[in-house]
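**Student:** Sequence:
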Amino acid sequence: MTIPNELVRTALEAALIVAIADRAHAPRPLHKFLNFQKMPAAAMPVVRKVLDSDEAFRQRVAESVNLDAVDRPSLLLLTRPDGWEEELERLADEEAQARDDSREAKAEKSAQRKLKAAEQAREKAEGRVQEMAAELDRTRAALEQERAGRRQAETTAHSLTWEIDKQRERVRELEEATTRWQEERIELQRALTDAPQTPSPDVAMEEFDVSGMVEALGGARGALSALERALESIEAQLPTEAPPPSSPRSGQERRLRKEKHARRSPSPLPGGVHDTSDEAARHLVALKHVVLVVDGYNVAMRGWPDVVALPDQRARLLDRLARLYATKHTEVVVVF
Numbered sequence: 001m002t003i004p005n006e007l008v009r010t011a012l013e014a015a016l017i018v019a020i021a022d023r024a025h026a027p028r029p030l031h032k033f034l035n036f037q038k039m040p041a042a043a044m045p046v047v048r049k050v051l052d053s054d055e056a057f058r059q060r061v062a063e064s065v066n067l068d069a070v071d072r073p074s075l076l077l078l079t080r081p082d083g084w085e086e087e088l089e090r091l092a093d094e095e096a097q098a099r100d101d102s103r104e105a106k107a108e109k110s111a112q113r114k115l116k117a118a119e120q121a122r123e124k125a126e127g128r129v130q131e132m133a134a135e136l137d138r139t140r141a142a143l144e145q146e147r148a149g150r151r152q153a154e155t156t157a158h159s160l161t162w163e164i165d166k167q168r169e170r171v172r173e174l175e176e177a178t179t180r181w182q183e184e185r186i187e188l189q190r191a192l193t194d195a196p197q198t199p200s201p202d203v204a205m206e207e208f209d210v211s212g213m214v215e216a217l218g219g220a221r222g223a224l225s226a227l228e229r230a231l232e233s234i235e236a237q238l239p240t241e242a243p244p245p246s247s248p249r250s251g252q253e254r255r256l257r258k259e260k261h262a263r264r265s266p267s268p269l270p271g272g273v274h275d276t277s278d279e280a281a282r283h284l285v286a287l288k289h290v291v292l293v294v295d296g297y298n299v300a301m302r303g304w305p306d307v308v309a310l311p312d313q314r315a316r317l318l319d320r321l322a323r324l325y326a327t328k329h330t331e332v333v334v335v336f
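First residue of the sequence shown? That's 1 in the working numbering, and the numbers climb one at a time after it.
If you are wondering where the hints come from, they were derived from the structure by calculation, not from laboratory data. Just to be clear, a hint being listed does not mean it is correct.
[What the hints assert, rightly or not] Here are the computed lysine-lysine pairs in the DSBU-like style, where the Cα-Cα straight-line distance is at most 35 Å:
1. K106 x K116
2. K114 x K124
3. K32 x K49
4. K106 x K38
5. K106 x K124
6. K328 x K166
7. K38 x K49
Build the full structure now, drawing on both the sequences and the hints.
**Tutor:** Right, here's the structure in full:
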């Protein structure tokens, strides 16, 4: 077995010290190392070879050192008693085994440290996963709450939209009733004026009391304004993203909001068509999103001058406009 130089380092260092102290009698192979204060690694095999080959130098080194202070492998190398080689090999085996055990112990400690670090990393990751799961649950709950609030707001907006339509219809009916009462009153006054005057001192013309109608009309208009403000407030609270296209209610509300905020602009006429011609009127009423506003009183008077009764004129105008709507689907607003 080859004895490692590191095992007998003490003997090798002592040999180099003896050579440096007596340069004149130092073995020639050691001359190149005599100026070193500390034995270099390259000198160890050279010194070992000199000790094996130069018996006199080896004995001189053994006599110069305190053998009681030298470790057992170095002592065996310098003194070389009987059986020294076998004992030195045994010590080398024990040293090698000790080095292997030390390496294994270090490797085991390193593995344990790595395992502990891995366990800590796993526990930290599991804790983070639990935190993220809890955060996900909170986010889902908040999202569901927001969706529920949105659905409630959309339902309220939808209900308000229908209520506004009903209120507008009521306002329109009240306005028409008020106009009709006023027309009948004017017609009655005109008929009384044109009739022959006969003495009737005890008879006076009864005034039409429309105060109740006016009050109802004002209340309906106030309710309509309040509903419109409530709808605007709810629309402002709704998120800005577009609702899914599969929702009919959301599509209707989006259309109502779009129509509410849309600005009307003049529609161009075909080339060569004058804006005061019948052809221009027929073109315009056939367009989509066109609103036809009719001055009901004057149009009825000019359209049917041979009809004396105002209700008959009004009925004929409304009948004509109904036929226009049936054929063109034009939105018509009649003001009497």
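**Student:** Does each hint hold? Answer for all of them.
**Tutor:** Outcome of the hint check:
With a CA separation close to 15 Å, the supplied pair K106 and K116 stays within the 35 Å bound. Simply put, K114 and K124 have alpha-carbon atoms about 15 Å apart, close enough for the 35 Å limit, and the pair holds. Under the criterion of a C-alpha separation no larger than 35 Å, the hint pairing K32 with K49 is consistent with the structure, at around 15 Å. Distance restraint check for K106 and K38: the Cα-Cα separation of roughly 30 Å lies within the 35 Å cut-off, and the hinted pair is therefore satisfied.
With a C-alpha separation of about 27 Å, the suggested pairing of K106 with K124 holds against the 35 Å cut-off. Between K328 and K166, the direct Cα distance comes to roughly 24 Å. Compliance with the 35 Å bound is thereby established for this hinted pair. In summary, the hint linking K38 to K49 is supported, as the alpha carbons are separated by about 19 Å, within the 35 Å threshold.
Violated hints for the displayed structure: none, as all numbered hints are satisfied.
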